[in-house]
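Enquirer: Residue-level listing of the chains:
Protein chains: 2
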Amino acid sequence: MVAQDNEMKLMDPEQLSVALIEAQYALKESKGKPNAKSVLILVSGIELAGKGEAVKQLREWVDPRYLRVKADAPQTFNHKQTFWQPYARFIPAEGQVMVMFGNWYSDLLTTAMHVSKPIDETMFDEYIESMRAYEQDLKNNNVDVIKVWFDLSWKSLQKRLDHMDPGEVHWHKLHGLDWRSKKQYDSLQKLRQRFTDDWEIIDCEKEIERDQQFAQHILRTLKHCPDHLKKAKGQWKQAKIPESLLSPSEDVLPKNQYKDELKQLSKKVAEALRFDTRNVVIAFEGMDAAGKGGSIKRIVKKLDPREYEIYTIAAPEPYELRRPYLWRFWNKIQPEEKISIFDRTWYGRVLVERIEGFANAVEWQRAYEEINRFEKDLYDSQTLVIKFWLAISKDEQEARFKAREETPHKRFKITEEDWRNRGRWDDYLKAVADMLQRTDTDYAPWHVISTNDKNTARVQVLEAILKQLKAE
Amino acid sequence: MVAQDNEMKLMDPEQLSVALIEAQYALKESKGKPNAKSVLILVSGIELAGKGEAVKQLREWVDPRYLRVKADAPQTFNHKQTFWQPYARFIPAEGQVMVMFGNWYSDLLTTAMHVSKPIDETMFDEYIESMRAYEQDLKNNNVDVIKVWFDLSWKSLQKRLDHMDPGEVHWHKLHGLDWRSKKQYDSLQKLRQRFTDDWEIIDCEKEIERDQQFAQHILRTLKHCPDHLKKAKGQWKQAKIPESLLSPSEDVLPKNQYKDELKQLSKKVAEALRFDTRNVVIAFEGMDAAGKGGSIKRIVKKLDPREYEIYTIAAPEPYELRRPYLWRFWNKIQPEEKISIFDRTWYGRVLVERIEGFANAVEWQRAYEEINRFEKDLYDSQTLVIKFWLAISKDEQEARFKAREETPHKRFKITEEDWRNRGRWDDYLKAVADMLQRTDTDYAPWHVISTNDKNTARVQVLEAILKQLKAE
Chain A
1 MVAQDNEMKL MDPEQLSVAL IEAQYALKES KGKPNAKSVL ILVSGIELAG
51 KGEAVKQLRE WVDPRYLRVK ADAPQTFNHK QTFWQPYARF IPAEGQVMVM
101 FGNWYSDLLT TAMHVSKPID ETMFDEYIES MRAYEQDLKN NNVDVIKVWF
151 DLSWKSLQKR LDHMDPGEVH WHKLHGLDWR SKKQYDSLQK LRQRFTDDWE
201 IIDCEKEIER DQQFAQHILR TLKHCPDHLK KAKGQWKQAK IPESLLSPSE
251 DVLPKNQYKD ELKQLSKKVA EALRFDTRNV VIAFEGMDAA GKGGSIKRIV
301 KKLDPREYEI YTIAAPEPYE LRRPYLWRFW NKIQPEEKIS IFDRTWYGRV
351 LVERIEGFAN AVEWQRAYEE INRFEKDLYD SQTLVIKFWL AISKDEQEAR
401 FKAREETPHK RFKITEEDWR NRGRWDDYLK AVADMLQRTD TDYAPWHVIS
451 TNDKNTARVQ VLEAILKQLK AE
Chain B
1 MVAQDNEMKL MDPEQLSVAL IEAQYALKES KGKPNAKSVL ILVSGIELAG
51 KGEAVKQLRE WVDPRYLRVK ADAPQTFNHK QTFWQPYARF IPAEGQVMVM
101 FGNWYSDLLT TAMHVSKPID ETMFDEYIES MRAYEQDLKN NNVDVIKVWF
151 DLSWKSLQKR LDHMDPGEVH WHKLHGLDWR SKKQYDSLQK LRQRFTDDWE
201 IIDCEKEIER DQQFAQHILR TLKHCPDHLK KAKGQWKQAK IPESLLSPSE
251 DVLPKNQYKD ELKQLSKKVA EALRFDTRNV VIAFEGMDAA GKGGSIKRIV
301 KKLDPREYEI YTIAAPEPYE LRRPYLWRFW NKIQPEEKIS IFDRTWYGRV
351 LVERIEGFAN AVEWQRAYEE INRFEKDLYD SQTLVIKFWL AISKDEQEAR
401 FKAREETPHK RFKITEEDWR NRGRWDDYLK AVADMLQRTD TDYAPWHVIS
451 TNDKNTARVQ VLEAILKQLK AE
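Chains A and B are the protein sequences, given in the same order.
Position 86 (the first sequence) corresponds to 86 in full-length UniProt numbering; numbering is contiguous.
Position 269 (the second sequence) corresponds to 269 in full-length UniProt numbering; numbering is contiguous.
Hint data in this document are derived by calculation from the structure and do not stem from the laboratory.
Note that beta-carbon positions come from the ideal geometry of N, C-alpha and C, so glycine has one too.
Keep in mind that the hints are not guaranteed to be accurate.
[As the list claims (entries may be wrong)] Distance condition first, Cα-Cα at most 30 angstroms in a straight line; then the derived DSSO-like pairs of lysine-lysine:
#, chain 1, residue 1, chain 2, residue 2
1, B, K302, A, K206
2, B, K70, A, K467
3, B, K231, B, K31
4, A, K33, B, K410
5, A, K297, B, K70
[Claimed, not checked] Here are the in silico distance ranges between beta carbons for each label pair:
#, chain 1, residue 1, chain 2, residue 2, range
6, A, I119, B, Q189, 49 to 59 angstroms
7, A, T407, B, S156, 54 to 64 angstroms
8, A, T76, B, E463, 35 to 45 angstroms
9, A, W425, B, R194, 52 to 62 angstroms
10, B, N372, A, T441, 54 to 64 angstroms
11, B, I119, A, T76, 30 to 40 angstroms
12, A, R411, B, C225, 16 to 26 angstroms
With the hints as constraints, model all of the structure from the sequences given.
Expert: Spelled out as C-alpha cells, the structure:
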C-alpha cells in the first residue's frame, strides 16, 4: 500500500523539473545494468478531475523525449482477449517511462458500468486479483508499475460540468458515462474502491497541488532503485524424473496402420479445430530431433494456411531482452488468430535459459508460476492451450542426428549446437521433470508423448489434441 | 514482367529442397552485408486452385524455421487506411522470407467484388499504380517482392467444387464469393488481368507441376542477388537556398498580444482538429532549439492527451535498420489515431542521414519521391499531413543554446551533438533547401515558419494548422 502523503510540500517547479530530468537520465543510463528497470504509470480517475492536465504538466517538467504517453479510450472487455492483450505491446523497455491512460482498470470499470449484463462482484474481484498478479510479474521482471487515481468530489464535479467550455463537450461525451447522475458517480466510486488501496490517490480540488502530487510521486518512483534478486532463497526441490522421460516406448506402428490412422485423424483434428468456438494454442517442446516439426506438419495437413500461424521460437532479439521474458509471447498470441502453433515456446525460460544460465536461479524458479498465470489468463479468455513434450531416448536422438546428417535436405537441421545440447541431456531431463511437475495444470495439462517411433508420436499428438478439445 | 516458363522442368524433389535450403541460408547470411535483402512473396488466386497446398509443400521443402507465412482473410478497404497499413508490420527484415496470403491485391479484389458501391476501373487502376510504386520502393530498399497468381479454369473449379469434402465447406465459404457463379468468376478474372502481367501465373490443373513451378520461382528469387546501387547517376542539382531560411524575421510579438492570440488560437485549433473527420499528422522539423517542442506544447494545450499521440524520433533501432527506412513511420501512423504529432520525422533521411552519410547518395536522392508517395498515400486515405520547418538564424540558435545551458531544467537539452550539428549549419541549409523544393506538394505543403521570435513562431504554427485544415 502506498503511503498517503497528507502533508505534501510543494517543491519549487524549477527544482522539481531538474530532479525529474535527472532521474529520467539515470533511468535511461541503467539500461543493461544490474539495476535496470522501466516505469509504467497507470492513470485513471473521475472525469474532469484533471488527469490530462496533470500528465500535460508532467510532460512539461520532464524531458518529453523520454516519456511516452499512450492514451486510449476505455473499451469493454472482449471475451476472447485477456485484459493485458491490448496493452502488452506498450509495456516499456528498460530505461523507458510510459504513461497509460487507457489501461486494464479503465476497461474493467467500463465493462462493469456499461455492458447490459454487468460483471458481478466476485468476477470483478477475480479480475483485480489477476491484474495484481500480472503487475507483480511485471515488477519481478524489472517493470516498476505505479497506479494513480485522480479523484474529485461529486460537488466539484458538478461545478466543473456547469462551467465547462462547450468546445470540450464532445470529448467529454466520448466516455459514455452520465456524470450528472449521482447514482452512476456513486457506483463508480464504490467499484474503484475495490481496487485503489494500493494506488496513489490524488484529490483534484486544487490544480497546483494535483500536478505536484502527481509529479512528486513519479519522481519517487523514478528514483527508487530496485534490488534485483540474484540468489534463490531456499534449496531447490528437484522433481523425480518420470519413467516416461527415461524409457520411451519402442513399439513401432505398422506403416499401413499409420497411414490409415493419420488420414482419419488429421481430418478429424482439422474439423475439430475449425469448428471449436475457442482459439487454440498448440505448444511443442522436446529434445532436438524429437519430431516437433513433423508433428506440426501433420496437424496442419488438412488445414488451410489462412487458418493458422506457426511460430518458430529462436533466441530473443535485443529489444525483446529489454522487456519481461514472456513479453514476446504476450504479443505473438493474438485474439484474432484462431490457431497458433509454437515450435518451441515460453518454456525456454525453464529449459535452455535455466541450463545455459541465461536466467538466474531466482528468475527461472519464479517462472513456473508466471507461466501458469499466463496460461490461466489465456484459458479464462477462451483460448485453449495444448502442450506437448515429445520424449525420445538418447540413443534414438543419436540415430536421428546421424540420419539427418546423411540426408541432404536434412543435414542443415543439425548444427554443432545440437551436439552440444546433447551433451547436457541429463540436465535437460531434470529441467523437464521440474517443468512437468510444476506446470501441469487443469487448465493447461501437459501431454507427454513418450515413444521412439515417429509415426506413433504423430498419431498420439493428433489423438491428444482431439481429446483435449472434446474434454471441455 | 516475369518471363513465363512454359517448359518448366520438374526437379528432383530432394535436389529442389536442398537448393531451396541452401538459398535460404545464403539469404540469412547476407544480413548486414552489401547484398543483403529480404523476400516478400504475395500469393493470390482462384479458390481451390491450391495456393494453400503449394505453400504447405514449400514449407516442407525449405527450412520452415526461416519461412514465415502470414495469412489473413481478405478485407475490404477502410477509407481511412492506406492499402499497405494492415501489412506494413509484416514486411520482412533483411535475411527473412515472408509469404503473404492476404495482401493488398486480395483486399483490392475483395473491395471491387463486394462493396455495394464498387470502385470503378479508373480507381482500380490508380490503386494498381500506387501498389506497384510501393513495391518498387520496397525493392529499392532491399525487399524483393514477387507475386504469384494461382489460376484455375472455370471447368476445373466446378469439378473441384463437386468433389469437395463437406468438412472444408466452412472455410471455403469464408471467402464470400459465389464460385458457382460464372458471372462472378468471369468478372474476377477480368479484374485480376488488369494487374497480373508482372505476376508469375501458375496453372493449377496438376498438383505436382503447380508445387514445382511455385517452389522453383521462389528458388530463382532467393538466388537472385540484387546489386544495390551505390553511386548516383547524374550530377545533383542543388536547390537555391530561399531567403526564408537565410534571414528569419526579427519582429517581436508584444507579450500581451501573444497571450491573447495564443489563447484564442489554441482553442480554435483544438476544436478544428477535433471536429475534422480526417486524421491529422503534424510533422515538425527544424534546427536544434528552433522551437519544435514549444510549438507542440501549444498545439496540444486545449486537447486531452487521449486525443493525440506525440512521437519523438531518435536514431533507429537495429531491427528497424534491417527494414526500409520508412518502415518505422509506416507502423507509427495508425488509422485509429486521430492526431499524430512528430517531433522530427521521416525527413531525417534527407537531412541528418544525408549529411552524416548514413544514407548514400542514391538512397537519399531517391528518398524525396518515396516520401512524396508515402504522404500521397496518407492523403488519399483521409489523413492530412501538415509539415513545418522552423527556421531561425545561426545567431539566434547560439543565443538559445546559451540560455539553455544557463537554465537548470533546460541544460539537459544541450549536448555536444547539438554543437557538432551546429558546425554543419550550411550543409543543413542546403539539405533543407532541397527538401523544401522537392517535397512541397499540393497534398502535403511545407509551412516554413521563419522568425527568431519564439512567440511569433508559435502563433504562426497555429494559424498555419487552421489554414490547412480549412483549405480543403
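Enquirer: For every hint, state whether the structure bears it out.
Expert: Verification of the hints:
1. A hinted pair counts as satisfied when its Cα atoms are at most 30 angstroms apart, and K302 of chain B with K206 of chain A qualifies at roughly 19 angstroms.
2. For the proposed pair K70 of chain B and K467 of chain A, the alpha carbon gap of about 28 angstroms is at most 30 angstroms, so the pair holds.
3. For a cut-off of 30 angstroms, the pair hint linking K231 of chain B to K31 of chain B stands: about 21 angstroms separates their Cα positions.
4. Restraint check: the Cα-Cα separation between K33 of chain A and K410 of chain B comes to about 27 angstroms, which is no more than 30 angstroms; the hinted pair holds.
5. A threshold of 30 angstroms between alpha carbons decides the hint, and for K297 of chain A with K70 of chain B the separation of about 17 angstroms falls inside it, so the pair holds.
6. For I119 of chain A paired with Q189 of chain B, a C-beta distance near 51 angstroms keeps the hint of 49 to 59 angstroms intact.
7. For T407 of chain A paired with S156 of chain B, a C-beta distance near 35 angstroms fails the hint of 54 to 64 angstroms.
8. Between T76 of chain A and E463 of chain B the beta carbon distance is about 40 angstroms. The supplied range of 35 to 45 angstroms therefore holds.
9. Against the hinted window of 52 to 62 angstroms, the Cβ-Cβ separation of W425 of chain A and R194 of chain B comes to about 59 angstroms, which satisfies the hint.
10. A hinted range of 54 to 64 angstroms for the beta carbons of N372 of chain B and T441 of chain A is consistent with their spacing of about 55 angstroms.
11. Judged by the Cβ atoms, the range 30 to 40 angstroms given for I119 of chain B and T76 of chain A holds: they are separated by roughly 34 angstroms.
12. Range check, R411 of chain A to C225 of chain B: about 24 angstroms between beta-carbon atoms, so the 16 to 26 angstroms window is met.
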